[in-house]
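Trainee: Spelled out from the first residue to the last, the chains are:
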Amino acid sequence: MKLVAVTACPTGIAHTYMAAAQLEKTAKKLGHTIKVETQGAMGIENELSQADVDAADAVILATDIAIEQEERFSRARKIQVPVQAALKDPEAIFAKLK
Amino acid sequence: MALEQEFICPLPAGIHARPASALEEVVRRYTSEVTLLNRRTQRSANGKSILAMVGTDVRLGDACVFTVSGPDEREALAELSAFLRDKFPHCDAPLAPAKSAAAAPLSPCLREAGATIYRGQPVVPGIGLGCVVQFGKFSVSPALPRNGVADTAREWQQLEAALGKLDATCERRLATAKGIEAALVTVHRSIARDVDFRGSLRAAVTERQRTAAGAIEETEAQFSGMLAASGNPMLRERALDIQDICLQLLREIYGDAARAADVKLTADAVVVAESLTPGQFLALDRNFLKGLVLASAGGTSHTVILARSFNIPTLAGVPDLPGIQCAGQEVVVDAEAGALVTNLTAAARRYYVLEERRVLGRRARLKVVSARDAVTKDGQRMEIAANISTAGEAAGAFESGAEGIGLFRTEMLFLDRPAPPDEHEQFESYRTVLAAANGRPVVIRTLDVGGDKPLAYLDLPAEENPFLGRRAVRIYPEFEALFRTQIRALVRASASGKLRVMIPMIATVDEARWVRKIIGEEQQKCAAEHIAFDPAMPVGAMIEVPAAALAVEALSRELDFFSVGSNDLLQYFMAADRMNAQLAVLSNPLQPAFLRLLKWIADAARAQQKEISLCGEMGGQVRFLPLLAGMGLNKISAAAPAVAGLKAELSRLNQAACQELLKAALKCATADEVAALLEQFSAQTSMPLLETDLVIVECDAPTKEEAIKQGVDRLFVLGRTDDSLAVEDAVWRREATYSTGFGHGFAIPHCQTDAVRFNSLVLLKLKSPVAWNSLDGQPVRVVILLAIRAAQSAGTTHMQVLAKLARKIMDDDFRAELERENEPARLGAIFQKIF
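Going down the list, the protein sequences come from chains C and P.
Numbered per this note's numbering, the first sequence finishes at 100, counting up by one with no gaps.
Numbered per this note's numbering, the second sequence finishes at 864, counting up by one with no gaps.
Derived from the structure by calculation, the hints contain no laboratory data.
Just so you know, not all the hints are guaranteed correct.
Coverage of chain P stretches by chain C, computed from C-beta distances (three or more under 8 angstroms per stretch; other residues unrestricted) [claimed, not checked]:
hint, region
1, 762-771
2, 779-791
3, 836-849
Every residue, glycine too, gets a C-beta built ideally from N, C-alpha and C.
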């Protein structure tokens with residue numbers, strides 16, 4: 003599958019990036035491609051364009067706070083999970099997308 | 030026929046001891062009877078008794094009437110009326126604003142320790158451990174008879190003699206007492222002389238056949254009750270003075286028989302008292318006194334001021350103190366967090382062991398710096414000196430690393446007493462400081478009083494605007510004798526050390542010349558009397574009036590050095606009262622125009638080869654230091670506790686970089702721009718994110734709470750935060766959203782707060798795993814604590830590093846490497862690789 007994701011946690015110092023790493027690692031292991039945007043203390047990094055979103059089979063929003071530019075995902079097939087879920091059991095998130 | 034004068038009390042604090050004694054001074058010269066009636070309380074009082082007037086509980090806005098009747102009633106009323114109209118409204122300094130009552134957050138490490146915690150207001154900081162010694166209320170030993178005196182005349186004689194003796198003792202002590210002690214004795218003397226107080230004692234004996242003990246008991250109850258009943262905390266504190274006098278009378282008359290109520294400390298003790306008189310405090314053996322807990326006592330109470338001068342950790346305002354069952358128990362007075370901790374558990378004791386380690390750790394680290402000369406990284410010398418208000422503080426200031434006394438305010442010697450200190454008393458005080466200085470420079474500022482700090486014996490008329498009125502050097506010509514006495518004491522003291530005299534509020538060259546002339550004359554007199562002195566004693570000026578700032582060149586021909594009084598200079602320059610919180614934006618030393626003024630002063634002084642220093646509050650804050658260093662000041666003088674931190678900060682600064690920073694700051698248009706510039710500078714010159722001292726291996730922490738505390742404490746020890754409780758609180762607030770234990774035995778607690786000075790990473794490898802409520806339910810062995818400065822979080826390189834670290838931490842190999850390694854430096858190196 004071709005996936006995109008956004009991670010964002012309350013302080014934006016640690017979990018945003020930990021979750022991003024975890025999603026990338028798991029996608030690779032399961033044979034998917036993924037582009038993960040982080041919205042943390044550094045602002046938006048690895049930003050997803052509308053084209054990125056439109057080309058994706060699904061969107062994973064691993065977020066605990068309201069994110070910026072959410073309208074990009076209004077038409078996409080998406081799954082919303084807490085940041086912790088991406089850390090604890092990322093494979094379960096991918097399983098739900100099948 | 031009696032005459033009357035109505036008035037409405039204009040004093041915010043009501044008629045307490047100070048205004049009452051001012052009224053008493055007016056009326057006592059007349060033989061007429063004077064009565065004060067407070068219409069609200071319907072209490073009336075003899076106008077010649079300070080205590081009785083205080084007891085009428087006159088508060089702001091109360092309608093009152095003075096009745097005068099007697100042979101000189103007309104004259105008495107005329108003077109009283111004029112006094113009430115002209116001077117009375119200004120005879121009392123306004124009350125200091127009450128400290129915020131909001132209690133600081135407690136460390137969860139203490140909160141969860143299972144001990145009993147009572148919150149209170151820390152009034153003297155510190156932490157003390159000892160067994161509780163409870164002080165009861167004032168009481169007369171039950172063994173003493175109260176009633177049935179046969180020879181009432183003899184009994185009264187005995188009591189009167191005791192009063193006389195007390196009065197004489199007060200007189201004697203006033204001859205040598207200084208500052209706070211002198212103020213206290215003055216109050217005691219006025220009570221011993223008070224007509225109503227004496228009248229009450231006398232009536233009890235002669236009219237009701239009470240013994241002296243009975244009369245004292247009755248009178249104490251009457252007056253203390255009267256003062257305590259008033260809603261005014263200042264008056265309630267005066268009740269302690271009444272009790273003190275009554276105790277002294279009992280001892281005088283009954284000797285040892287009255288001592289039943291005395292308490293003797295024989296081991297480390299925490300004294301718990303609903304109230305404690307200054308006399309009782311002074312009688313305690315301070316070798317054993319580790320802490321003080323008072324039910325009530327404002328910051329102005331004499332007992333608290335004494336406790337502060339002896340550094341006894343003190344907590345006040347603990348509610349329901351008598352209900353707390355802790356007699357004989359070992360307890361902790363925590364005047365850092367504001368808590369009395371009883372029923373100490375092993376965990377609570379551990380917490381205080383850690384607290385001690387934290388405070389001593391910081392001190393030990395600063396000791397290294399404080400013993401060294403203050404110098405920038407690139408070798409620029411800048412003296413860091415201390416400000417003091419009493420001679421007794423000098424020794425402690427030098428212990429904290431001060432390289433001199435940059436400002437000895439002599440006002441304390443003169444305030445709150447009926448007459449100014451004589452030459453000898455002043456001389457002794459100045460010499461005490463010079464002796465403590467042991468050859469290091471001491472700057473003594475001559476008396477800085479005026480309308481805002483009234484002295485009874487100067488009798489200065491109240492002014493519309495005292496800060497712009499007659500104060501400091503402006504009143505010296507009028508009180509020339511007083512000024513000459515101080516100068517003579519200073520000239521004499523100059524023989525015993527490196528003394529410099531500093532004149533406050535200089536605005537013109539004429540003032541400087543006049544002062545120089547007086548000093549010269551006093552020096553000549555001393556020479557004629559063969560009294561030793563230093564003929565080269567430097568004389569300088571406070572630069573606090575903007576006019577003086579622009580007259581440095583001309584003043585340099587009269588004077589030897591300058592010191593910027595930044596508080597007053599700022600408020601005069603910005604035309605903004607610094608006590609007015611609504612003008613805080615203007616009272617900001619980062620206002621670019623103010624920085625330009627400071628730079629102007631520094632440059633002008635340097636051009637004349639005169640020493641230039643700064644001794645206001647601005648100098649005590651490390652965040653301003655780069656700007657001040659950039660100006661090339663020769664010296665900064667700050668409160669003693671700030672000295673070591675300033676020296677440490679200076680040693681991290683580069684003078685050249687500070688000059689560049691200042692140049693940029695002077696070009697800024699607003700204070701916010703300067704603040705942003707400072708923040709940027711601080712980020713550039715910040716300590717590294719991680720240093721070896723931030724790696725703690727074999728960390729002995731049995732709980733998550735303690736692990737976090739130990740991590741945060743390390744930040745405090747290393748000077749990365751000055752408020753560990755605030756940082757701990759920020760970490761725990763983050764922890765409350767969800768646990769930071771992300772599994773695999775790792776946790777990454779973190780926070781964003783400006784309570785940390787620099788972004789920091791602490792690595793703790795725990796001796797044994799602790800429960801962390803982790804995602805995988807496993808206990809934690811490795812803790813990575815991140816403390817990020819909120820103002821610096823956006824877009825800095827540190828944040829990029831941390832994002833990288835957060836990603837890396839999900840990597841199994843990286844975690845395995847951290848688990849394997851146990852040597853701090855090598856652990857640090859593992860992190861450096863990813864940075």
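Trainee: It remains to establish, for every hint, whether it holds in the given structure.
Mentor: Cross-check of the supplied hints:
1. 762-771: holds (count 5)
2. 779-791: holds (count 3)
3. 836-849: Since 5 is at least three, the answer is holds.
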